[in-house]
Amino acid sequence: GAVVSQHPSWVICKSGTSVKIECRSLDFQATTMFWYRQFPKQSLMLMATSNEGSKATYEQGVEKDKFLINHASLTLSTLTVTSAHPEDSSFYICSASIGSAGYEQYFGPGTRLTVT
Amino acid sequence: RKEVEQDPGPFNVPEGATVAFNCTYSNSASQSFFWYRQDCRKEPKLLMSVYSSGNEDGRFTAQLNRASQYISLLIRDSKLSDSATYLCVVIPRGSQGNLIFGKGTKLSVKP
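Protein chains in written order, with this note's numbering: chain A, 1 to 116; chain B, 1 to 111.
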């Protein structure tokens, strides 16, 4: 149980285009979903926290107008990288929390984004 | 000072060796602590929680020293399959459960 999927697993796009990444909890309803980003040899950095039906809470330094998060249901959250630039190339990972305790997080397999 | 600091390694050890990783955290009010394992180009997976009294899970032992703001992970009888990056993770008090990750310590177990 507690499986989280992400789609796509990798994507290559041209600079200036937008990319949508989906995160789904397959066998449970996720109260909260988290979006992380990891650059090579760096730690995972939390980008935003989203609760179903409400606006996402972004971490300091993360542009909310560039990284659009939609959490329309208890099993689906999407991250859209708008007007992507090469510096947005990274490994994007989502996680889903079953309960109110955020540490019960189950991670998706990640999406590797390359912007050319 | 970074919130969670780890020695990046790599730690290159032979099979069967015992290896220990350390981690320090800056927020004295942190409430929860974990070790995660991350394989190359994969998502992190929870290895074990770290309790104040210390805890053991098979070959893995985790310890927490709140006074020194220090967490450790000991791996005994290393296996080739233990090769991975080990991430120290902290949840600060009042953070709504947000995980703060260290950069990780890379372990390579050789035959």
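Worth double-checking, as some hints may not be accurate.
[Stated by the list, open to error] Lysine-lysine pairs mimicking PhoX-like chemistry, simulated, CA-CA at most 20 Å apart:
(1) A:Lys41 - B:Lys2
(2) B:Lys79 - A:Lys41
(3) B:Lys106 - A:Lys41
Please keep in mind that the hints were generated in silico from the structure rather than gathered at the bench.
Here the structure is a predicted model, which is why all the values come from computation and not from measurement.
Results of checking the hints against the structure:
1. A:Lys41 - B:Lys2: holds, 16 Å
2. B:Lys79 - A:Lys41: violated, 24 Å
3. B:Lys106 - A:Lys41: Holds, at roughly 10 Å.
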